[in-house]
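Spelled out, the chains give:
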Amino acid sequence: MRKVVRGFYAIAEAVRLSKPNVIAAYPITPQTEIVENLAEMYANGELGDAEYVTAESEFGAASMVLGASAAGARAFTATSSQGLLLMSEVLYNAAGMRLPIVLVIANRSVSAPLSIWNDIQDSISIRDAGIIQLYVESNQEAHDMIPLAFKVAENRDVLLPFMVCVDGFKLTHAYEPVDLLDQETVDKFLPPYNPVVKLDVNNPVAMGCYAPPPYYMEFRVAMEYAMERASKVMLQEFKKWYKLTGRDWGGHVVAENCEDAEVVVVAMGSVVPLVREVISRMRQDGKRVGMLKIRTYRPFPSREIRKALKNAGKIIVIERALSIGAEPPVTADVKSALFGLNSEVYPVVTGLGGRDIPRELVERIIEDVMKGKIKPEKRYEGLNEFEEVIP
Amino acid sequence: MNYFGPGHGACPGCGFPIAIRGAIEVLDGKVIAVNSTGCLEIVSSMYGRNTWGVPYIHSLFENAGAVAAGIETALRAMKRDNEAHVVVFAGDGATFDIGIGTLSGMMDRDHNVIYICYDNEAYQNTGNQQSMATPPGANTTTTPVGKLKPGKTGRKKDMVEIAVAHGVPYAASASIAYPKDFQRKVKRAAEFEGSKYIQVHAPCVTGWGIDGKLTVEVSKLAVETGLYPLVEYEYGKLVKVKKLKQRKPVEEYLKIQRRFRHLFKHEMGKEILEQLQKIADENAEKYGLDA
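Chains as they are written, first to last, in the working numbering: chain F, 1 to 391; chain P, 392 to 682.
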């Protein structure tokens, strides 16, 4: 059913339709409205047998979904920014314990300075935890990816947490027409969770054992193997989703106008539609430009990116996160995917802390790169002139 | 069926195995054990050498309360809540200090969990660093005795009272020197719906500096001096206290432990000894310990 809804509702509704057993959460802007919607559904008896628990902190929320998942439940939580940082110890642990919990991150900048506005520094910062990360460009995509996240995470060949990253405010609070799924469709796609092992008195197992040096490394490398398998499982499930709903979100990446492009803009998340629009306008003017949307950030789709960008001489990466003291994170990954090719990569850091990314800025950068006006090195766009105050 | 061990690696004379085994036995093995990082976890759950005969989970140091809450919630949501008691076994560091937030959340929401804190009065797994459960005067590696310092200064946190303040249906202190009393308390706890907190005094032979064969004797003296009163609360009401016929002076408990030995020669020792006796006297007064 097509309805104009806000992002947080589209997300909460998809969580409801995925029939979780346990939801535990702690409020934080801009995520709060997601769990408020779930709490309301719970209060009205619309969540079936699910239990909704208010946590004492994000750390507690993550620990509760960890415990619930270990007991064999389908478990969900959502957070943003500081909340994600506070969860991070638990999330590393849950990934290592191979618990398929699903999280939605309403992406927000990190403190200090405190800022509630959007960028993706929060989720990017835990990219190495062993959690699948997928970034969406719209609320429809967010809505669709939630049942898919459970399906992929719970696949026996995967068993890793799955994080759906949705830009805070820009998407979570935006009104958008969304084709809302119905229960029958979701049930057809997503069977009930059937855990490989669970805490069960009739079949006791020990979970979370410590591993001395002769054993530890194998557990961590096994997570790498699981990520590699997740890559394949995701592609299969994307296809199944398309067949079922008629909505084709593509693979791990979506290459648009890349075949003959001289310049390709790499983008992730809610900036994608803006870049798409700029590209299509420039195409009308006969300019050979393209866009590569990265959907899956972990497992990082190096092969797909290399394939899509092999003909593009110049690649602009829109970076909405920093790795302070090093190459910005997406650029570093893209560069490693392109290793050995003769391409120039232009990392453009912009939009941090909710700063607007105007269309003109994207246009200008593309023009400048085409004309050879700027060098392929890290630059900050939309940055005000400022003086560092060193006391 | 062995619920805990054989094969665990606890030191000879370690106090907590008595409590772990006792608790699971009295619950007929119908237990899902949740364990925080610490001595118990290390001696019992190495990969390939698990010594637990019941389902067991260890996640982190400071989240056992929340993990247990999540398990309990899941069992309820999936209509499996009659299967087992969710029981936490956590040390005093995990309970009094780093994990008090998740424990508070668990008790506040009143999850149906029995939380058992084995209290060996310091971070013993990592070699005797002070916790908020360490009594005044104790020599630990982070509150060492020096020219200016007599070991730990400041009091031991009263976690039983903190549990009671959450409005939990049942809270009690116990000691491994009184295993029947401890088991009775665990059984009683299991009769209540909601969060139950039991704190069991369990000596650490290395951290306390005692002979392994004296474990029971030392913990008995803690009770008999009034330093570790055995109390029991139901719905916030003190319902039972272990009475002492002849309360012993605290020195009798302190002098046989290396961690307190300096108090008898250090310049500030006398002051700490007086403080400890005062704590025992206050306990006697508060709980009516003297028969």
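By construction, these hints were calculated from the structure, which means they are not laboratory data.
Because the structure is a prediction, the values reported are computed rather than measured.
One thing to keep in mind: the hints can contain errors.
The following label-pair restraints were derived from C-beta to C-beta distances [stated by the list, open to error]: (1) P:659 x F:213: 41 to 49 Å; (2) P:584 x F:211: 48 to 56 Å; (3) P:631 x F:205: 34 to 42 Å; (4) F:354 x P:419: 41 to 49 Å; (5) P:628 x F:325: 43 to 51 Å; (6) P:499 x F:332: 40 to 48 Å; (7) P:582 x F:188: 40 to 48 Å; (8) P:499 x F:367: 27 to 35 Å.
Idealized CB from N, CA, C, for every residue including glycine.
Legend entry - Structure-inconsistent hints, enumerated in ascending order: Those not satisfied are hints 2, 4, 5 and 8.
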